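Protein sequence lines correspond, in order, to chains A and B. Here our numbering is used: the first residue of the first sequence is 1, the next is one more, and so on. Here our numbering is used: the first residue of the second sequence is 1, the next is one more, and so on.
If you're looking for bench data, these hints aren't it; they were derived computationally from the structure. Treat the hints loosely; a few may be bogus.
As the list claims (entries may be wrong) - Calculated pairs, BS3-like style, for lysine-lysine (alpha carbon to alpha carbon, straight line, at most 30 Å): (1) K84(A) x K140(B); (2) K108(B) x K250(A); (3) K128(B) x K11(A).
Source: prediction; values computed, not measured.
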Amino acid sequence: MNFHAVRSIYKFEMARMRRTLVQSIVAPVLSTSLYFVIFGAAIGSRIPEIDGVSYGSFIVPGLIMLSILTESISNASFGIYFPKFTGTIFEVLSAPVSFVEILLGYVGAASTKSVIIGTIILGTASFFVDIEIAHPFVMVLFLVLTSVSFSLFGFVLGIWADGWEKLTVVPILVIMPLTFLGGTFYSISMLPPVWQTISLFNPLVYLISGFRWSFYENADVSIILSLAMTVTFLLVCLVIVRWIFKTGYKLRT
Amino acid sequence: MQPILTISDLTKTYAGGLQALKNVSLEIERGEIFALLGPNGAGKTTLINVVCGLVNRTSGTVLVDGHDIVDDYRVTRALIGLVPQELPTETFETVWNTANFSRGLFGKSADPAHIEKILRSLSLWDRKDERIMNLSGGMKRRVLIAKALSHEPQLLFLDEPTAGVDVKLRQDMWNVVSELRESGVTVILTTHYIEEAEKMADRVGVINHGEIILVQEKTRLMRELGKKQLVLHMHEPLTEVPPEVMDYGLDISDDGSELTYTYDTQREHTGITALLGALQSAGIKFYDLNTSQTSLEEIFVDLVKRPQ
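Using the sequences and the accompanying hints, generate a full structural model.
Structure, rendered in structure tokens:
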């Protein structure tokens with residue numbers, strides 16, 4: 001294992017986060033805080049409790065997930081796309097590093113950023129609403145698994161994209177709608193039966209449901225199923241990345 | 001001693017069908033400076049990129065220090081440094097950080113003293129804390145060389161290292177390459193400046209249409225393929241080559257003021273003495289003479305123009 005390389009890539013990516021602190025940390029925290037103010041305090045105070053949890057508290061896990069998903073994807077995709085765009089990727093590709101080491105560096109850094117952002121948002125949310133964490137270990141597990149899975153997904157996206165538009169189209173047109181329709185702001189049990197069934201095809205339902213369960217023990221689907229879906233998504237992304245490095249897809253001619 | 005680089009029957013065909021390399025075989029000895037010459041699109045960069053792992057080979061073998069570039073990629077890549085043709089740099093990083101990043105990436109532990117030595121040798125030390133985006137093109141080129149040298153490679157590829165740089169920097173680069181050679185590093189450089197190859201290289205390889213058409217020691221190449229010319233500046237302009245020296249195949253200038261004799265340096269008798277004697281016997285006077293030798297550039301142009 002080339003630990004020096006992993007450390008170098010990781011440090012390089014984390015340095016990028018420090019250089020762009022406002023964009024990396026302040027912006028997602030601010031936008032999520034606005035959700036708390038609008039949906040939690042202003043509108044949420046007029047909405048009745050959901051499964052015994054105030055609306056403001058109910059949306060906290062979903063909003064943290066929303067930030068983690070979007071930040072994981074954007075950080076990881078940008079992290080690998082920018083070197084492709086500028087041409088500096090040649091150095092990584094010509095270095096004595098395996099795909100596992102490249103992943104540990106890039107995806108590790110993107111996941112770290114997401115976990116930091118998720119933790120900050122959690123802390124910020126506690127200023128606005130009452131938060132309980134019934135299963136802290138499961139909460140951390142979901143936080144880390146989701147960060148890693150979607151950072152991997154972002155990494156794949158960054159390699160696949162051959163232009164800035166492609167880089168942004170998936171997060172905006174696919175991930176964002178799926179997150180909003182995945183139970184961030186509501187329980188899918190509040191939907192008509194048909195839409196409840198349709199929602200089960202949305203993979204993000206399982207992530208948000210599982211994460212919410214770790215807070216309030218309320219879930220739309222079973223925690224085991226949520227965990228299984230998250231791990232499955234992680235494995236699928238790993239297989240795709242393995243294939244990319246084996247074939248050199250969009251990396252080596 | 002085992003060559004530092006052994007390429008055997010290497011071919012590369014791109015997805016679009018372009019055959020960039022055709023059964024290329026080449027051996028590079030340790031410590032030599034090898035100049036790979038060829039026109040645009042000849043396959044120089046593809047060859048380098050295959051060795052460095054940036055392009056997948058279609059067939060053939062490439063061994064670096066006896067190790068296969070695919071099976072033992074960790075060993076081979078750690079031995080190689082690459083300075084690419086373009087100037088891809090981490091725009092927002094400082095010179096110091098990017099050089100240290102490269103060293104770590106290639107599996108070496110931090111060694112600030114070594115990085116400092118490289119930056120000083122490339123006149124980058126005073127700008128080590130500057131962001132790369134603030135540097136000129138020439139300085140960025142130096143940064144790329146510093147990055148490539150950061151992990152102490154044994155085999156350094158310089159792909160058009162002095163393209164677009166000023167005379168001073170070019171001279172600095174030549175000095176750096178000379179120092180590398182003294183320290184035992186093997187250097188393979190591609191260049192459009194034939195003068196560069198002529199000045200620095202021990203051996204020259206010419207690639208055209210994906211095929212190595214010649215590999216030769218530079219001095220021997222220039223001796224064997226080069227020609228020497230003797231130019232006689234006539235006292236009185238001539239209207240035609242005098243019949244007394246017709247057998248020497250002389251060329252006459254348009255204004256009749258110069259006679260040029262082309263001779264083979266390899267021949268035991270160049271014919272110069274006999275020619276001068278014949279001119280004297282015929283009473284043809286000249287007031288000056290000089291000799292010139294074919295440059296590597298002329299040899300190169302001649303080689304790539306030959307039908308395949």
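Task: Violated constraints from the hint list, given by number and in increasing order - done: none
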